[in-house]
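Undergrad: Protein sequences appear in the order of chains A and B.
Taken in order, the first sequence gives residues 1 to 651; the numbers are from the numbering used here.
Taken in order, the second sequence gives residues 1 to 104; the numbers are from the numbering used here.
There could be a bad hint or two in this list.
Said to hold, decoys possible - On the chain B side, residues computed to face chain A include the following (Cβ under 10 angstroms):
hint : residue
1    : 25
2    : 26
3    : 27
4    : 28
5    : 31
6    : 63
7    : 67
8    : 96
9    : 99
10   : 101
Claimed, not checked - Keeping only pairs whose Cα atoms sit at most 25 angstroms apart, straight-line, the calculated PhoX-like set for lysine-lysine is:
hint : chain 1 : residue 1 : chain 2 : residue 2
11   : B       : 103       : A       : 621
12   : A       : 391       : A       : 170
13   : A       : 615       : B       : 103
14   : A       : 27        : A       : 118
15   : B       : 59        : A       : 627
16   : A       : 556       : A       : 571
17   : A       : 391       : A       : 584
18   : A       : 583       : A       : 571
19   : A       : 570       : A       : 584
It is worth saying that the hints were derived from the structure and are not from the lab.
All residues carry an ideal CB built from backbone N, CA and C; glycine is no exception.
Single-letter residue listing:
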Amino acid sequence: MSNYLYILWIPLLPLATFVVLGLFGRKYFAKSAGIISTASLLTSTILSFVAAKQYFFVDGKVNGIYQKIIALKYTWLEFSPNVSIDMGVIVDPISVMMLIVVTSVSLMVHVFSLGYMKGEERFATYYAFLSLFTFSMLGLILSVNIFQVYMFWELVGASSFLLIGYYFNKPSAVAASKKAFIVTRFADLGFLIGIMIMGFYGGTLDIGLLIQKLTSVQSPEFLSITSASFLGASMLTWGLTLIFMGGAGKSAMFPLHIWLPDAMEGPTPVSALIHAATMVVAGVYLVARLFPIFSMDEAALTIVTYVGAFSALLAAIIACTQTDIKRVLAYSTMSQIGYMMFALGISKNGGEAGLGYMASMFHLFTHAFFKSLLFLGAGAVIHMVHSNEMKDMGGLRKLMPITHAAFLIACLAIAGIPPFAGFFSKEEILTAAFHENKLIYGVALFTAALTSFYMFRLYFNIFWSKDAAAKAHSAGHDHAHDHGEGSWTMKLPLIILAACAVGVGFIPFSQFITSDGAALETHIDMIFSIAPVSLSIIAILLSASFYKNQNTKSDKAVALFGGFYRAAYKKFYVDELYLFITKKIVFPLIGQPIAWADRNIVDGSILLLANTTAKISTAIKGLQSGKVQNYALYFFGGVIALSVLFIYIWK
Amino acid sequence: MNEIPLTHILFLSTALFFIGMYGLFTRRNLITMLMSIELMLNSVNINFVAFNKYLFPDKLDGLFFSLFIITIAAAEAAVAIAIIINLYRSHQSIDVDDATEMKF
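Given only the sequences and the hints, what does the whole structure look like? Please build it.
TA: Given below as C-alpha cells:
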C-alpha cells in the first residue's frame with residue numbers, strides 16, 4: 001500500500017490561502033489576492049490529478065476491485081472506545097472523483113473571477129471566501145467520520161452564506177444569504193438527529209465501521225436498529241431519512257429547494273462553483289457515501305427516489321417560465337440533481353443492479369462541467385449586458401462568439417445530444433430507471449424533453465431573438481464598445497470547460513466508479529437511445545420555432561396553459577406557502593406564546609428575584625453605617641445571642 | 001487567715017470587663033477605645049488566673065494563657081497605634097466619627 005498522505009495538502013493549501021488572505025488580504029494583497037489564490041489552487045488541482053492517476057491506474061485496484069484506503073486517521077474527540085470524532089482522509093473511487101471535480105471547477109472559477117471580479121473593492125475578501133469554500137468542500141469529500149462530514153458540511157454552508165451575501169449592501173442579497181442559511185440549517189437539524197440515531201444504534205461514528213456493522217444482517221447493531229421502531233417505521237428508516245433530509249437541504253430537493261434560486265444573488269462565478277457544481281451535489285455525495293446502508297432499507301431509498309424524481313420534474317416545469325437567466329439555470333441545477341438522486345434511489349448495491357449508482361456519479365461528474373460552463377457563460381453575458389433579465393438580451397452571438405460557442409456546447413450537453421457529455425450519463429440513468437421503475441422512467445423522459453426545451457429557450461433568447469444592433473441602438477449605447485467579451489481570463493475557462501463538456505462523456509466511467517468497486521460493463525443501446533434523443537431534438541426544434549426569432553407563438557402557448565403557466569411562473573407558490581405557514585401559523589400559534597412565556601414567566605421570575613434582593617438590600621443597608629462602634633455593638637450582640645443560644649436552648 | 005472567695009474575684013473581673021465595654025462603646029477617641037480593650041483583656045486575664053488558682057491548683061495552664069494574652073495585647077497595641085497614626089495622617093483626627101467612609 002503506497003502513501004497517500006500528500007492528499008492532505010489538497011485541502012490544506014486553500015485553508016492556508018484563506019488564513020493569509022483573510023487576515024492580511026485587504027492591506028497587503030489587495031491586487032495580488034487573485035493570483036495567489038489561483039496559484040495555490042492550481043497546486044491542489046495538480047495534486048488531485050496525481051492522486052487520481054495513482055489511485056485509478058497504479059495501485060488502487062486489488063484483485064480487480066477498487067479498495068477503500070484510509071490514508072490518515074486521527075482520533076480527535078473520543079466519547080467511548082468506539083464512538084469518537086476522527087479527522088481523516090479517505091481515498092476511494094468517489095472521493096477521488098470528487099477531488100477532481102471540485103479542484104478543477106474551483107480552479108476554473110478562480111481564473112474566471114480574475115476578470116469578472118476585477119476592480120471590486122473587496123477583491124481579496126472574495127478570494128479568501130472562495131478558498132474557505134474550497135477547503136471546506138475538499139474536507140467534506142475526504143471525511144472518514146460522519147461527524148467530520150457534518151462539521152465540513154456546516155463550514156460549506158457558512159462559506160456559501162458569506163458568498164451569497166457578498167454584495168452585502170444589496171438588501172436582496174442579504175435576504176437571500178439569510179434564507180439559504182436558515183433553510184439549509186433547518187435541514188441540517190435533521191442530519192444531526194440522523195447522525196445521532198446512527199451513532200446510537202450503530203455504536204460508532206466511523207463511516208467504514210458503520211457500513212460494516214449495518215450491512216450484515218446478523219450483527220446485533222443491525223438487529224437493534226431494525227427492531228426498534230417509532231411511528232411505525234424502523235429506526236434505520238428514520239435515521240437514513242433524516243440524514244437524507246440534510247442532503248436534500250443542501251442539494252435543494254423539494255420541499256427544501258426554495259433557497260437555491262434566491263442564492264443567485266451572489267456573484268455569478270460563485271453560483272457556478274457552489275450552487276451548480278460542488279456544494280449542491282454534496283447531498284448526492286452524502287447518500288452515495290452511505291449508500292451501502294441506504295441499500296439495506298427499501299423505504300428510505302423509495303423516499304430518495306420519489307423526492308428526486310418529483311424535484312426534477314417540478315424544477316424543469318418552473319425553469320420553462322422564469323425570465324432571469326440565472327434563475328433558469330438554478331432550477332435546471334435542481335432538476336439535474338433530482339436526476340442524480342432518483343438514480344441513486346433506484347439503484348441496488350453491487351453488480352449489474354448497481355447501475356443507478358454508477359450513473360448517478362457519472363451524471364454528477366459531467367453535470368459539474370457543463371453546468372459550471374453554463375454559469376460562467378451566463379456570467380460573461382451578464383458582465384456585458386449588466387442585467388439578468390432575458391428581455392435585455394438577444395442577438396449576442398455576433399458580439400461574443402466564444403461565449404456563444406461554449407454556451408451552445410453546454411446546452412447540447414445538458415440536453416443529452418450525442419456525443420456531448422450529458423448524453424452518456426443521462427442514458428445510463430434512463431437505462432437504470434427503465435429496468436427498475438417504469439413510472440420514474442416516464443418522469444425522467446419527460447423531464448429530459450423539458451430540459452432541452454428550457455435550455456434552448458435560454459440559448460435562443462440570449463444569443464438569437466432580437467437584432468443586436470437595433471437593440472444596442474435602442475438602449476442608447478453599443479455593447480461592443482463597452483468591454484467586448486472580457487479578458488482572456490474569462491475566455492480561457494469557458495474554452496477549457498467546453499472541451500470538458502464535449503470530452504468527459506467518453507471516459508469509461510463504469511470501469512472506475514461503481515457501487516462495489518468492481519468494474520461494470522455498460523453499453524449504450526442505440527435502440528434505447530432513440531426515444532430520449534428524438535424527444536430532446538423535438539423539444540429543441542419547438543424551442544427554436546418559439547424563440548429563435550421574435551414571434552407570438554410563445555405568447556399563444558402561454559395563453560394555452562393559462563393558470564398552469566402563472567402558477568409555474570410563481571414557482572407553484574411554494575415560497576408563499578412557507579411564508580403562510582411561518583407567518584400565519586408558526587409565529588402566532590407557537591412563536592408568540594413562547595415569546596410571552598419567555599418575557600413574563602422566565603424573565604419575570606428572574607426579575608422578581610432581582611427586585612426582591614434590591615428591596616431587601618435598600619431596607620437593611622443602614623446597618624452598614626461606617627461607624628466602628630456600631631459594628632462592635634453588633635458583634636457583642638451576636639456573641640451574647642450565641643451564648644444564650646448555646647447555654648439555654650441547645651444545652 | 002481567711003481566703004478571699006472566688007466570687008469576689010469574678011465580680012471584679014466582670015466589673016472590669018463591662019467598664020471596658022462601656023468605654024469601647026461610648027468614647028470617640030481611638031486611643032481611649034484601645035485602652036478600654038486592654039481593660040477587657042485584663043479582666044479575662046484575671047479570670048484565667050483565678051480559675052487556675054481555685055479549681056486546678058496543681059496545674060499552670062491558666063497562668064500560661066494569661067502570659068500569652070499579655071504578649072498578644074502588647075503586639076496588638078503596637079499595631080493599633082500604627083493604624084491610629086496612619087489614620088491621623090490621612091484624616092487629621094483620631095476621632096472614629098470622622099472616619100466613616102466605609103459605608104453603603
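Undergrad: Does each hint hold? Answer for all of them.
TA: These are the hints, each one checked on the structure:
{"no.": "1", "hint": "25", "result": "6 angstroms, holds"}
{"no.": "2", "hint": "26", "result": "8 angstroms, holds"}
{"no.": "3", "hint": "27", "result": "9 angstroms, holds"}
{"no.": "4", "hint": "28", "result": "8 angstroms, holds"}
{"no.": "5", "hint": "31", "result": "14 angstroms, violated"}
{"no.": "6", "hint": "63", "result": "26 angstroms, violated"}
{"no.": "7", "hint": "67", "result": "24 angstroms, violated"}
{"no.": "8", "hint": "96", "result": "5 angstroms, holds"}
{"no.": "9", "hint": "99", "result": "8 angstroms, holds"}
{"no.": "10", "hint": "101", "result": "6 angstroms, holds"}
{"no.": "11", "hint": "B/103 / A/621", "result": "9 angstroms, holds"}
{"no.": "12", "hint": "A/391 / A/170", "result": "23 angstroms, holds"}
{"no.": "13", "hint": "A/615 / B/103", "result": "18 angstroms, holds"}
{"no.": "14", "hint": "A/27 / A/118", "result": "17 angstroms, holds"}
{"no.": "15", "hint": "B/59 / A/627", "result": "43 angstroms, violated"}
{"no.": "16", "hint": "A/556 / A/571", "result": "21 angstroms, holds"}
{"no.": "17", "hint": "A/391 / A/584", "result": "36 angstroms, violated"}
{"no.": "18", "hint": "A/583 / A/571", "result": "19 angstroms, holds"}
{"no.": "19", "hint": "A/570 / A/584", "result": "20 angstroms, holds"}
This entry does not satisfy hints 5, 6, 7, 15, 17, going by the numbered hints stated previously.
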